[in-house]
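Heads up: the sequence lines are chains A and R, in that order.
Following my numbering, the numbering of the first sequence begins with 6 at its first residue and continues without gaps.
Following my numbering, the numbering of the second sequence begins with 6 at its first residue and continues without gaps.
Read the hints as simulated data drawn from the structure, not as lab findings.
Among these hints, one or two may not hold up.
Pairwise CB distance ranges, derived in the manner of DEER restraints [stated by the list, open to error]: (1) 137(A) <-> 259(R): 47 to 55 Å; (2) 124(A) <-> 183(R): 17 to 25 Å; (3) 163(R) <-> 142(A): 35 to 43 Å; (4) 106(A) <-> 221(R): 44 to 52 Å; (5) 137(A) <-> 87(R): 31 to 39 Å; (6) 130(A) <-> 163(R): 22 to 30 Å; (7) 142(A) <-> 185(R): 35 to 43 Å; (8) 125(R) <-> 130(A): 20 to 28 Å.
Residues from chain R that face chain A, not an exhaustive set, calculated with beta carbons under 7 Å [said to hold, decoys possible]: (9) 89; (10) 99; (11) 117; (12) 119; (13) 138.
Computed from a predicted structure; not experimentally measured.
Here a beta-carbon is modelled for each residue, glycine too, at the ideal position from N, C-alpha and C.
Number of protein chains: 2
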Amino acid sequence: MAINSARSSVFGGRVAALAGGVGGAKLAHGLAQLLTPEQLTIIVNTGDDFEHLGLTICPDIDTVLYNLAEVNNPAFGWGRADESFHVLEETKRLGHDAWFMLGDKDIALHLLRRAMLDAGMTLTEVIYELARRLGVTHPVLPMSDQPVRTMIRTPEGEMPFQEYFVHRRTKPVMLGMRLAGLAEARPTAQVRAALDEADAVIFCPSNPFVSIGPILALPGVRERIARIPTLVISPIIGGRALKGPAAKMMQEQGLEVSALGVARHYAGLVDGFVLDNVDAGLADAVRALGVTPFVTNAIMRDRADRRRLAVEALGFVKRLTGAAGAK
Amino acid sequence: MAINSARSSVFGGRVAALAGGVGGAKLAHGLAQLLTPEQLTIIVNTGDDFEHLGLTICPDIDTVLYNLAEVNNPAFGWGRADESFHVLEETKRLGHDAWFMLGDKDIALHLLRRAMLDAGMTLTEVIYELARRLGVTHPVLPMSDQPVRTMIRTPEGEMPFQEYFVHRRTKPVMLGMRLAGLAEARPTAQVRAALDEADAVIFCPSNPFVSIGPILALPGVRERIARIPTLVISPIIGGRALKGPAAKMMQEQGLEVSALGVARHYAGLVDGFVLDNVDAGLADAVRALGVTPFVTNAIMRDRADRRRLAVEALGFVKRLTGAAGAK
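Whole structure, please, built from the sequences with the hints as guidance.
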């Protein structure tokens, strides 16, 4: 592949990054600081999406967009910085059970999305347009234009992911999960093209089950990724998820709650695995799975951390790409 | 009809009030101060409704609801008091041409309406529920559950009413109007029942063409009203509309821009006509149309004015009802 002068000196090829919400958005933001829009495409989970308060809510996509636009709220991990909640407060006074936090600026974006969807635009087209308006230049792609909805099976019955995660604060035991709508869903043409053209795939530090899992479940995605050097940034560090329910889910699924458990989950599909320093002791066990380990500081506390981890991940990608013939 | 002790001493019967937005909402609020929820039903124009920013906007219904709930913005005539515009400001930053003002509290109500409509509720059911949540006890009825959309013909082409009225500030000449959807629209069962049970009908001071007109255009409404003593509060005072485009519309339709022009418009259907003191000189001409005139101060500046005009209108209704056999 020709590498023009605008391309990153860290990595000259094309990267497809798979991302869920908070952790995924952080690394995507780091990668976007290093790679041109021609080099980096971010493919985002839509399994968390849901209809609420008359709006189509896309938590992972919006978190990625807000992070790339640098208008995200760093304290919450979701939503906008400098946010107010006047609308939500009034919905409460009008009797709405406002369990899902939506700030006023966030609602503005949701209203534009509602209007565009109602006008017949696909989700891909809508996100392209919203990204443009937010000043985001890197392609952010919904994994599918057909709704896929992650349903969590619990002893209290099946519930949509956001109901389980936000409303019920992951209290119910997860007995299993199901991707409603999967049978009718396909990866978009843009997602297929991004994977076909990618020199490497990076799984951002996102939940393996409810963030990366739905993307991998789409027809043809696994097969495409299996042909490309792929690395994973572990979302589990020191046996805990930095954010979200990944650790609890692994435990309830009877999996080992550790970076190694994540590596086992992906073994056979991926080539490299980034471990945090605290998990350095797992490197040999990861290697034994046929996955190349890379140990570094995998925690992203600020903008500089995001860039640093992205630099290291891309350096690792470069080495994996060089050794791609081994896959 | 039996009159129980809770009923108004001003008028003991049942009233169906037809209303558009600002002026109509003011008198509806005055009537609601005097009549019980069993005595007063407010039937509201939906011809101004439109889809915008992903929301179904019902300007007249909301203005009536907000006035009855006493949360309206008296300075604007539309929307909520103590309002902020954080969402709309952000939509502007995101490239939306925010020509229709929607405050944050207003948007809260619109989101609840959107969610209820999406859930399959009829507009009547939605407004019943929103009224309940706002603490409004008098029935507020959309004229129809089928969308009727007032389209204004202008030299620049046909445009929806709000586009003409708000976005274009009534600048284009009105060549005519059309009620899109009318052929499929019926008055709701609740509207039909309210008219069947009414002892009197009051046309609030609303635009005869775009506020009262669409209600009268629904099949069966005129026939029902023709059987009931009906009075009109003139929306034109001293040759001018207190609010809205009624005067400009009358002029462009080649009608006399005066309370008499309005009385002529309704002659044959209505029994009484309330003129402001400045139009006292028109009383004889109104009488010559076969319509009984009543002259008073018809301007409602504050809450007390609304109540006073409602008292006078109901006193006039009482006299008309007594003479109803003459119709």
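For each hint, the structure was consulted:
1. For the hinted restraint 47 to 55 Å between residue 137(A) and residue 259(R), the CB-CB distance of approximately 48 Å keeps it satisfied.
2. Checked against the hint of 17 to 25 Å, the pair residue 124(A) and residue 183(R) passes, with Cβ atoms roughly 23 Å apart.
3. Between residue 163(R) and residue 142(A) the beta carbon distance is about 40 Å. The supplied range of 35 to 43 Å therefore holds.
4. Here the CB-CB span from residue 106(A) to residue 221(R) is close to 46 Å, well matched to the stated 44 to 52 Å.
5. In this structure the hint that residue 137(A) and residue 87(R) lie 31 to 39 Å apart at CB holds, the actual value being about 35 Å.
6. At about 28 Å, the CB distance of residue 130(A) to residue 163(R) agrees with the hint of 22 to 30 Å.
7. Taken as a hint, the range 35 to 43 Å holds for the pair residue 142(A) and residue 185(R), whose Cβ atoms sit roughly 42 Å apart.
8. About 27 Å separates the C-beta atoms of residue 125(R) and residue 130(A), a value consistent with the hinted range of 20 to 28 Å.
9. Given the 7 Å rule on beta carbons, the hint for residue 89(R) holds: about 5 Å separates it from the nearest Cβ of chain A.
10. At about 5 Å, the closest approach between the beta carbon of residue 99(R) and any beta carbon in chain A falls short of 7 Å, and the interface hint on this residue holds.
11. A cut of 7 Å between beta carbons decides the hint on residue 117(R): the least distance to chain A is about 6 Å, and the hint holds.
12. With a cut of 7 Å, the hint placing residue 119(R) at the interface with chain A holds, because the nearest CB-to-CB distance is about 3 Å.
13. Interface restraint check: residue 138(R) against chain A, minimum CB-CB distance 5 Å, threshold 7 Å, status holds.
Against the hints set out earlier in the document, no violation occurs for any number.
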